[in-house]
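Same order as they appear, the protein sequences are chains D and X. Going by this note's numbering, the first sequence opens with residue 1277, and the numbers climb by one from there. Going by this note's numbering, the second sequence opens with residue 25, and the numbers climb by one from there.
Simulated from the structure, these hints should not be mistaken for laboratory data. Owing to the predicted nature of the structure, the values given are computational and were not obtained by experimental measurement. Mixed in with the good hints there might be a few duds.
In silico contact screen, one side only, chain X against chain D (beta carbon under 7 Å); selected entries [stated by the list, open to error]: (1) A45; (2) I48; (3) I72; (4) V76; (5) R88; (6) L106; (7) A111; (8) V116.
Which residues of chain D face chain X? A partial, calculated answer using Cβ under 8 Å [unchecked claim]: (9) A1287; (10) I1290; (11) I1297; (12) I1301; (13) A1313; (14) D1314; (15) T1324; (16) A1334; (17) V1340; (18) A1365.
C-beta atoms are modelled at their ideal positions from N, C-alpha and C, and glycine is treated no differently.
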Amino acid sequence: MIPTDAFLETAATISAIVLLIAMLIVILRAILGPSMADRVLALDLLTTLAIAFVAIVAVLYGQVVYLDVGIALALVGFLATVAFARFIARGGTENARKVEGDD
Amino acid sequence: MIDLLIAFLLLSGSAFALVAAIGIVRMPDLFIRMHAASKAGTLGAGLILLGVAVLANDASVSVRAVIAIVFIMLTAPIAAHLLGRAAYKTGVPLWQKSELDEWNAREEK
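Bound conformation, chain X alone (with noise of 0.2 Å):
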């Protein structure tokens, strides 16, 4: 039972990063893709790393992948804006078809 669980979380997590992967390559612009960089792909790892916690049966293991997992999740989403912050100010362009800009519409206010 737990063998299914262990499994479930490892083969789920790659899923996750494969379409983390796909979607890096196949989405219109930067931003668009920082959701699958950023969300996809967290989670994938996260899932990962869950499972060889559950896996190990160790204490001093188990808890370097819980370290490992808390510590990816408080960085990627500071990491995510501040590289899209620095991308938008830069001038890097929006997907044509994007109908709204929230940043902008705020500034011609």
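Looking at chain D on its own, in the form it has when it is part of the complex (with noise of 0.2 Å):
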């Protein structure tokens, strides 16, 4: 399944350099984002970006297994932001605190 000529093959390459770069842009929202939500959601969006990089991974080194890192990143992907969002729907870290208090 490699990239039969080499128009294809630059295709995949520039896809996959600009979904570099989109993950960077990513990186700094999750380090800027002014509360807990903003960093999740970042988090989420750079493991989308992060399937469809394994994706032209797979293409570009011609290698299938990598399709199924990017399904086993989007069942984690999922289940990490479910989490983060139960966390922050119960307080976050101030509700640890308090808990910590009541000791």
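Build the complex from these two chains, which are given one at a time in their own frames, with help from the hints.
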């Protein structure tokens, strides 16, 4: 499944580079993010972009296994986002401190 | 011809991903940022995976790419909904120029 001609390989390489730039920009939001939800949102988008990047790597190097990595990333990323959302809904780190104080 | 289609899918997918990334940095508040992240980001990844599925020309590979697309399309709205709800409940501020807060309007009635 390696691209048969240089045209497709160039297209795949360009889109991989664009995806890397996009991931760098998203990391900027994860660093800046005023609230914890902003950081979780950036993490969620980062996982989605990583899935796309891994799929392109699978094409470029002809390794089908990378697509399985992408599916596993989708599973883990979804569960992580849901877990973080529930954590925020329960009051995040403030609540954790409160529990420590009650002891 | 099919090469052009694949190149179009890959490049437009990465363009959407870049737009999502720019949106998540430039938009004014969390809830507006979620539009960029969960719509443009999902569409970008979906287009790229679709391009890979067409390019592979092999059933076992294409099915994996399509499964990944279906999974992303199913889970992205759920994750975005949960995150937005949690953020609103814990008082993440809206943009100053927001004109309508439907949740708040409903609870005041």
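Violated hints - listed by number, lowest first
The structure conflicts with no hint, since it agrees with every one listed earlier.
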